[in-house]
Every structure is written in structure tokens, then in C-alpha cells.
Amino acid sequence: MEGFLNAFVALSNFVLIPGLAYGAQLALGALGVTLVYAVLRFSNFAHGDMMAFGTMATILATWVLQSAGIGFGPLPTALIALPFGVAIAVALALGTDRVVYRFYRKTKAVPVTFVIVSVGVMFIYNAVVRLFIGVDDRRFEDGERFIIRAGDFREWTGLAEGLALRTSQVLTVVIAFVAMAALFWFLQRTRTGKAMRAYSDNEDLALLSGIDPARVVLITWALAASLATLAGVLYGLYKSFSPFNYFQLLLPIFASAIVGGIGNPIGAVIGGFVVAFSEVGITYAYRRVLSHILPDAWMPDGLVQLLSTDYKFAVSFFILVVVLLVRPTGILRGRVI
Amino acid sequence: MSFLIGEEMTGGYGGADILHSCTIGVERGEIAVIVGPNGAGKSTAMKAVFGMLPLREGRIVLDGRDITALSPQERVLAGMGFVPQSNNVFRALTVEENLEMGAFIRRDDPRETMEQVYTLFPILKEKRRQPAGELSGGQRQQVAVGRALMTKPQVLMLDEPTAGVSPIVMDELFDKILDIAATGIAILLVEQNAAQALAIAHRAYVLVQGRNRYTDTGEALLADPEVRRSFLGG
Numbered sequence: 001m002e003g004f005l006n007a008f009v010a011l012s013n014f015v016l017i018p019g020l021a022y023g024a025q026l027a028l029g030a031l032g033v034t035l036v037y038a039v040l041r042f043s044n045f046a047h048g049d050m051m052a053f054g055t056m057a058t059i060l061a062t063w064v065l066q067s068a069g070i071g072f073g074p075l076p077t078a079l080i081a082l083p084f085g086v087a088i089a090v091a092l093a094l095g096t097d098r099v100v101y102r103f104y105r106k107t108k109a110v111p112v113t114f115v116i117v118s119v120g121v122m123f124i125y126n127a128v129v130r131l132f133i134g135v136d137d138r139r140f141e142d143g144e145r146f147i148i149r150a151g152d153f154r155e156w157t158g159l160a161e162g163l164a165l166r167t168s169q170v171l172t173v174v175i176a177f178v179a180m181a182a183l184f185w186f187l188q189r190t191r192t193g194k195a196m197r198a199y200s201d202n203e204d205l206a207l208l209s210g211i212d213p214a215r216v217v218l219i220t221w222a223l224a225a226s227l228a229t230l231a232g233v234l235y236g237l238y239k240s241f242s243p244f245n246y247f248q249l250l251l252p253i254f255a256s257a258i259v260g261g262i263g264n265p266i267g268a269v270i271g272g273f274v275v276a277f278s279e280v281g282i283t284y285a286y287r288r289v290l291s292h293i294l295p296d297a298w299m300p301d302g303l304v305q306l307l308s309t310d311y312k313f314a315v316s317f318f319i320l321v322v323v324l325l326v327r328p329t330g331i332l333r334g335r336v337i
Numbered sequence: 338m339s340f341l342i343g344e345e346m347t348g349g350y351g352g353a354d355i356l357h358s359c360t361i362g363v364e365r366g367e368i369a370v371i372v373g374p375n376g377a378g379k380s381t382a383m384k385a386v387f388g389m390l391p392l393r394e395g396r397i398v399l400d401g402r403d404i405t406a407l408s409p410q411e412r413v414l415a416g417m418g419f420v421p422q423s424n425n426v427f428r429a430l431t432v433e434e435n436l437e438m439g440a441f442i443r444r445d446d447p448r449e450t451m452e453q454v455y456t457l458f459p460i461l462k463e464k465r466r467q468p469a470g471e472l473s474g475g476q477r478q479q480v481a482v483g484r485a486l487m488t489k490p491q492v493l494m495l496d497e498p499t500a501g502v503s504p505i506v507m508d509e510l511f512d513k514i515l516d517i518a519a520t521g522i523a524i525l526l527v528e529q530n531a532a533q534a535l536a537i538a539h540r541a542y543v544l545v546q547g548r549n550r551y552t553d554t555g556e557a558l559l560a561d562p563e564v565r566r567s568f569l570g571g
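Which chain is which? The protein sequence lines are A and B, in order. If you're matching positions, the first sequence starts at 1 in my numbering and goes up one per residue. If you're matching positions, the second sequence starts at 338 in my numbering and goes up one per residue.
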């Protein structure tokens with residue numbers, strides 16, 4: 001019995017809890033991608049670097065707060081800086097739309113043009129972020145790092161395995177849950193949210209009904225930039241911030257959005273967790289878990305790891321390709337792309 | 338002068354003209370029908386009245402006010418409702434949300450109008466929490482008409498509302514259209530099913546190649562042997 005408990009604790013510690021936190025981050029990122037796709041009808045490749053930009057703004061504000069001696073007690077200072085980061089990211093998104101995307105909307109460019117334009121925007125965001133904050137890895141988590149430490153857990157329970165619960169993990173799940181609930185409430189219950197869904201569903205009829213497309217586009221960018229910053233900051237607190245990593249996050253985020261059904265917000269959330277648990281579950285070495293439940297004689301020699309963590313992005317790629325081949329509309333039937 | 342009139346409309350989508358000095362008018366509480374063979378410019382004439390077609394000549398007058406320069410959205414505000422032929426509901430939105438979106442430009446409380454729409458189409462009240470995309474063709478047309486009624490229009494324009502529905506549903510829809518006209522709304526209708534449409538029309542326009550061919554009451558056109566032979570199949 002204790003063996004199974006130990007195995008479960010180890011599994012929670014290394015797979016379930018990290019998967020949950022990572023999944024929540026991907027879900028927030030995928031929600032931004034899916035909203036832009038639903039309303040503006042293109043895949044926004046600049047979303048990863050939008051995350052990096054918003055996170056950078058938050059980190060810079062965090063440093064200012066820290067040097068002024070302002071903290072948030074046991075919670076990371078970055079949470080106080082977050083509204084500032086969100087505001088900067090929203091301003092950037094609206095500015096970009098004004099000087100770049102609006103031109104292509106006016107000329108009624110085809111979606112693929114928008115995609116390529118977003119790649120250009122991505123490079124610019126990317127360069128701006130590196131110019132301001134550099135290419136290095138940055139850790140900006142402060143305050144109390146753990147809610148439960150592995151050592152304390154072992155002491156309380158008397159189990160051989162420890163369970164560590166990090167502040168950033170709990171913050172991620174709580175903040176992501178609140179943000180998603182607020183987003184769904186907005187989309188389902190408010191007049192503006194319904195107008196956004198209506199515009200996404202049938203542009204011509206929305207125009208006939210007097211829905212202002214400029215306003216819908218504006219709100220979409222504001223939401224996408226806010227979600228991107230939120231996802232970026234939570235990811236950065238949990239792991240670390242580096243511009244290149246955030247650029248790479250684009251892949252699992254797109255995989256999440258497409259797996260769930262692109263253009264469908266609930267799909268984005270489901271997709272985020274599917275991709276996160278696949279990635280974490282496939283790259284984890286299960287030897288430790290098995291050692292608690294298998295008799296010694298049965299223990300395998302290897303690490304029982306399906307794929308090295310170096311190849312974790314291959315998991316997203318694989319899921320992406322399979323979904324596009326087998327069910328291109330995704331789990332919840334989004335649009336076919 | 339009619340309550341709503343498109344006078345001597347000439348124009349097309351950039352290339353050659355589709356409408357040639359075409360005139361369409363409708364009175365309050367009456368039903369005007371546009372019929373004619375395929376490609377006669379029936380839908381185009383209606384779109385022109387609604388401001389979705391650039392006119393080279395002619396003008397549109399609503400209740401004595403020249404609205405030729407207004408955009409379709411502005412015409413909605415001026416009291417015109419339009420039900421397009423296809424893609425005329427928000428499929429992902431529930432029936433009730435469709436009606437709410439219909440009332441989007443209204444600043445007052447639209448609930449009373451919604452109740453009126455539910456009274457007119459009781460099935461919609463039953464299905465109000467269902468996405469419009471899941472409804473049958475006839476029910477979806479009711480949602481589309483209901484959506485357009487939410488702005489309390491003085492003129493309702495319907496582009497082939499019975500396209501692709503069964504004959505029974507078609508009769509029901511025509512009955513509803515008569516009910517709507519009875520409330521004092523002017524109704525402009527484009528129809529493929531010419532015989533049935535003429536039977537309920539106070540006034541009818543037969544268009545051929547973008548020109549007015551016959552204009553009379555529905556009854557008179559139905560009785561006209563030439564019209565019967567050419568457009569109603571005998």
C-alpha cells in the first residue's frame with residue numbers, strides 16, 4: 001500500500017502537478033491564438049513573442065519595484081507589476097494593428113498574407129525584446145518559492161517520496177482558472193462578448209446588425225495581448241524567461257489551439273492540457289515511480305523514459321501532424337485550416 | 338409615392354449594369370413581391386434598395402426621405418430590416434442570442450420586441466437556448482426573420498425566405514409574412530415560388546434582365562394569361 005502511495009506521490013510531483021501548471025499556461029496562450037483566429041481569421045505567429053514582450057515589460061517593472069523596496073510578501077513581486085505589463089502589451093498589440101494589420105484588412109488581403117505579415121511582426125517583437133532585456137535566461141521569481149517543501153512533506157507523511165508544491169504552480173492554476181472563467185463569462189454573458197462571437201460566426205450578418213468591426217478587432221487584440229502576457233509571466237515565474245524559449249513556445253501553443261479545434265475557446269483549454277500532459281508524460285522517466293510498485297526482480301534496467309526531454313517539442317509536432325491528418329477540425333470541431 | 342420606393346435604379350457591381358431603370362415600391366402594411374426568371378436581377382434589385390449595390394442612377398426614398406447615400410447599417414437605423422438569402426443566422430449563437438444581436442443597435446430594452454417575436458414564432462421560444470445552426474431549415478428562417486424584426490423595422494425585406502424549405506413549411510412562412518404585414522410593416526419579398534408569392538402579394542413586380550416587365554397587383558398578374566404562360570408555367 002505504501003508503495004502505491006509513494007508511486008502516486010512521485011507521479012504527482014513529477015507529472016501531474018507540473019502538467020497541470022504547464023497545461024494552464026499553454027491554455028492561456030492558446031486562447032489568445034484562437035481568439036485572433038476566430039475574429040481576424042489568421043494564425044498569429046507573433047503570439048509567442050507577444051508573450052515575451054509582455055513578460056519583459058512585467059520583469060522591467062518588477063525590477064523597478066524591487067529596487068524601490070516594494071514587495072508582495074510571500075507572493076512574487078511580478079504580480080504587482082503584471083497590470084503594467086498587460087497595459088504595455090495591449091498598447092503594443094493595438095499599435096501593431098493600427099500600423100500593420102489594419103492596412104491589410106483595408107486591402108482585403110487573403111489569410112496567408114496575414115500569416116506572413118505576422119511572421120514579420122514576430123521578428124520585430126523578437127528583436128525589440130532582445131534589444132531591451134538581452135538574450136539571457138532571467139529568473140524573476142521572488143517571495144516564498146514553496147507552499148509545501150519536499151522535505152517537510154516527507155516528515156509529515158513519513159513517506160519515502162516527497163511532494164513539492166511551488167507557489168508559482170498554485171498561482172498559475174488559480175490565476176489561469178480565474179482568467180478563463182472571466183473570459184468565458186465575458187464571451188457568453190456580455191453584449192460585447194456576444195457581438196464578438198457573432199462577428200466571428202458571420203461577419204456580413206454582424207455588419208447588418210450594426211456591430212462595429214473596428215471595436216470587435218480592438219477588443220480581440222486587447223484580450224489576446226492580456227492573455228499572452230498572463231501566460232508569459234506565469235510561465236516565466238514557473239521556469240524562467242528567455243526570448244528564445246518564448247519563441248519556441250509557439251509550437252505547443254499552436255498545437256493546443258489546433259488539437260482543441262482552432263477558433264473554439266473551450267477547445268483551446270482542452271488542447272492546452274492535452275498537449276501539456278502528453279509532453280510531460282512522454283518525457284518523464286518512470287523508473288522512480290515503478291520502483292515503488294514493482295518487485296525488485298521485475299525492475300527494468302533503463303529509465304523507462306519514452307523520449308528524452310531534449311525532444312519534448314517533437315511531442316507537440318507529432319500531435320499537430322496527427323490531428324491535422326485525422327481530424328483537422330480538432331476535438332471540438334473548430335474551423336478547418 | 339410609395340412608403341419605400343427605389344426609383345429608376347440603374348447600376349451593377351462595377352462591370353456592366355445589372356439593373357436598368359428598375360422601379361420597386363411598397364406601402365405600409367402591404368406585401369410587394371419581386372418575381373422573374375433566374376438572373377433577372379431580383380435579388381440585385383432588393384440589394385440596391387438596401388444600399389448593397391452602387392447605383393449610377395435613380396434614388397431610394399423611405400417615408401419621403403431620400404436615403405440613397407446611406408450605408409446598409411444606416412438604413413437599418415432608418416427603419417429597414419433585411420433578411421439575406423443565405424447565411425442569415427449566427428449559427429454558433431443560441432436563438433435568443435441571435436435575437437439579441439438583431440437588437441444590437443437599439444439603445445432601449447429589446448425584451449418586449451423579443452416577446453413579440455416569440456409570439457409570432459412560438460417554436461423559437463421553445464428552442465431559445467439552442468444554437469441556431471442546429472435548427473431545421475424552416476426554423477432557421479424564422480430565426481432570420483425574427484432577428485431582422487428586432488430593430489422594429491418599418492420595412493422588412495426578405496430575399497427568397499422559402500428557398501430550400503418543404504411546401505408545408507413554405508405555406509407556414511407565407512402565413513407568418515401575412516401576419517407581419519398585418520402589423521403595419523411594409524414587406525418587400527423576392528421569391529422563386531412565383532405562383533404562391535403572387536397569391537399573397539398586394540403588388541408584384543415581374544423583372545426580366547434587370548428591367549420592369551409587368552407591374553400590377555398580385556391577383557391581376559396571376560390572372561394575366563401572358564404572365565402565366567411566360568413565368569408560371571401555364
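Simulated from the structure, these hints should not be mistaken for lab results. The beta-carbon is built from N, C-alpha and C at its ideal position, and this holds for glycine as well. Where hints are given, some of them may not hold.
Partial pick of chain A residues on the chain B-facing surface, computed with a CB cut under 10 Å [stated by the list, open to error]:
1) Asn202
2) Gly210
3) Ala214
4) Val217
Computed list of chain A residues with no C-beta within reach of chain B, every gap over 12 Å [to be verified]:
5) Leu5
6) Phe8
7) Trp63
8) Ser67
9) Thr113
10) Phe132
11) Val135
12) Ile148
13) Thr157
14) Ala195
15) Leu208
16) Ile211
17) Phe247
18) Leu294
19) Leu324
20) Val326
> Hints broken by the structure, by number, lowest first?
Replying inline: 3, 4, 14, 15, 16
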